[in-house]
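Those sequence lines, one after another, are chains A and B.
First residue of the first sequence? That's 122 in this note's numbering, and the numbers climb one at a time after it.
First residue of the second sequence? That's 1250 in this note's numbering, and the numbers climb one at a time after it.
Take these hints with a grain of salt, some might be off.
[To be verified] Cβ-to-Cβ under 10 Å is the rule here; a few derived chain A residues that face chain B:
1) A150
2) G162
3) Y197
4) A199
5) N220
6) L221
7) I222
8) K225
9) K228
10) S230
11) V231
12) P233
[As the list claims (entries may be wrong)] Heads up, simulated SDA-like pairs for lysine to any residue below, C-alpha to C-alpha not over 25 Å straight-line:
13) B:K1273 / A:A150
14) A:K225 / A:A150
15) A:K122 / A:A150
16) A:K163 / B:H1259
17) A:K122 / B:T1287
18) A:K225 / B:G1265
Treat the hints as calculated values from the structure; they're not laboratory data.
All residues carry an ideal CB built from backbone N, CA and C; glycine is no exception.
Chain by chain, the residues run as shown.
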Amino acid sequence: KQEVTQIPAALSVPEGENLVLNCSFTDSAIYNLQWFRQDPGKGLTSLLLIQSSQREQTSGRLNASLDKSSGRSTLYIAASQPGDSATYLCAAPGGSQGNLIFGKGTKLSVKP
Amino acid sequence: DAGVIQSPRHEVTEMGQEVTLRCKPISGHNSLFWYRQTMMRGLELLIYFNNNVPIDDSGMPEDRFSAKMPNASFSTLKIQPSEPRDSAVYFCASSLRELNNEQFFGPGTRLTVL
């Protein structure tokens, strides 16, 4: 059964700092992994989808990596800004049926 | 594209009442997912449809919950009768292909059962 863990649960950094969010999963037989952002009281915004054949995916200041063998993914945010403050969720497929298993998220606060 | 549309955005009801949540997936997407988010349990899948057919409803907590997808552009999640422990944010998501494509989420319905 897939389990997804994210550490840290919360992170506070000063503006401009580069940071890394961590995600681990127990079942490495995944075909992709997805990172989301959730603002308070809002829905989830898809940030990056990494296919199992890829090791990295980049979008602007965001870079996500995937290491299936170790059951880990990281989300790297460069030159953080106050607007990056949100909860970041990682999700891995729970099986062959297409459902996603979510981590509890990392709540990021970027201080100006 | 309008994205995934959910209604209502907020629902406050009394225990025992029937609640119906609605979802319109992104046009052309063939998979639709209902999730529930609570502080204690995070995001959990309730049920998922592919081509309007329910594929996995193992996450539906009780018989009080039911979901339908009468056509490719509309789905409902019904709770009857509702209980205070059903209070949560309910999200609908859709994707183009069930296995390899991104899931796109709606804004959610915040349900409060008094």
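Structure-based check of all given hints:
1. With a least beta-carbon distance of about 12 Å to chain B, the hint placing A150 (chain A) at the interface is violated under the 10 Å criterion.
2. Contact between G162 (chain A) and chain B, as hinted, is supported at the beta carbon level, the nearest pair being about 8 Å apart and thus within 10 Å.
3. Using the Cβ-Cβ criterion of 10 Å, the hint placing Y197 (chain A) at the interface with chain B is not satisfied: the shortest such distance is roughly 20 Å.
4. Contact between A199 (chain A) and chain B, as hinted, is not supported at the beta carbon level, the nearest pair being about 22 Å apart and thus beyond 10 Å.
5. Below 10 Å, beta-carbon pairs count as interface contacts, and N220 (chain A) has one with chain B at about 4 Å; its hint therefore holds.
6. A cut of 10 Å between beta carbons decides the hint on L221 (chain A): the least distance to chain B is about 6 Å, and the hint holds.
7. Because the smallest distance between the Cβ of I222 (chain A) and any Cβ of chain B comes to about 8 Å, under 10 Å, the interface hint for this residue holds.
8. Among the interface hints, the one on K225 (chain A) holds; its C-beta lies about 5 Å from the nearest C-beta in chain B, closer than the 10 Å criterion.
9. The criterion of a C-beta within 10 Å of any C-beta in chain B is not met by K228 (chain A), whose closest approach is roughly 12 Å, and the hint is violated.
10. Below 10 Å, beta-carbon pairs count as interface contacts, and S230 (chain A) has none with chain B, the closest being about 18 Å; its hint is therefore violated.
11. A cut of 10 Å between beta carbons decides the hint on V231 (chain A): the least distance to chain B is about 23 Å, and the hint is violated.
12. With a cut of 10 Å, the hint placing P233 (chain A) at the interface with chain B is violated, because the nearest CB-to-CB distance is about 27 Å.
13. Annotation: proposed proximity of K1273 (chain B) to A150 (chain A) is violated, straight-line Cα distance about 31 Å (limit 25 Å).
14. Under the criterion of a C-alpha separation no larger than 25 Å, the hint pairing K225 (chain A) with A150 (chain A) is consistent with the structure, at around 21 Å.
15. Of the pairs offered as hints, the one joining K122 (chain A) and A150 (chain A) holds, with about 11 Å between alpha carbons and a cut-off of 25 Å not exceeded.
16. Between the alpha carbons of K163 (chain A) and H1259 (chain B) the distance comes to roughly 12 Å, so the proposed pair stays at or under 25 Å and holds.
17. Restraint check: the Cα-Cα separation between K122 (chain A) and T1287 (chain B) comes to about 21 Å, which is no more than 25 Å; the hinted pair holds.
18. A threshold of 25 Å between alpha carbons decides the hint, and for K225 (chain A) with G1265 (chain B) the separation of about 30 Å lies outside it, so the pair is violated.
The structure fails hints 1, 3, 4, 9, 10, 11, 12, 13 and 18 (numbered hints given earlier, in ascending order).
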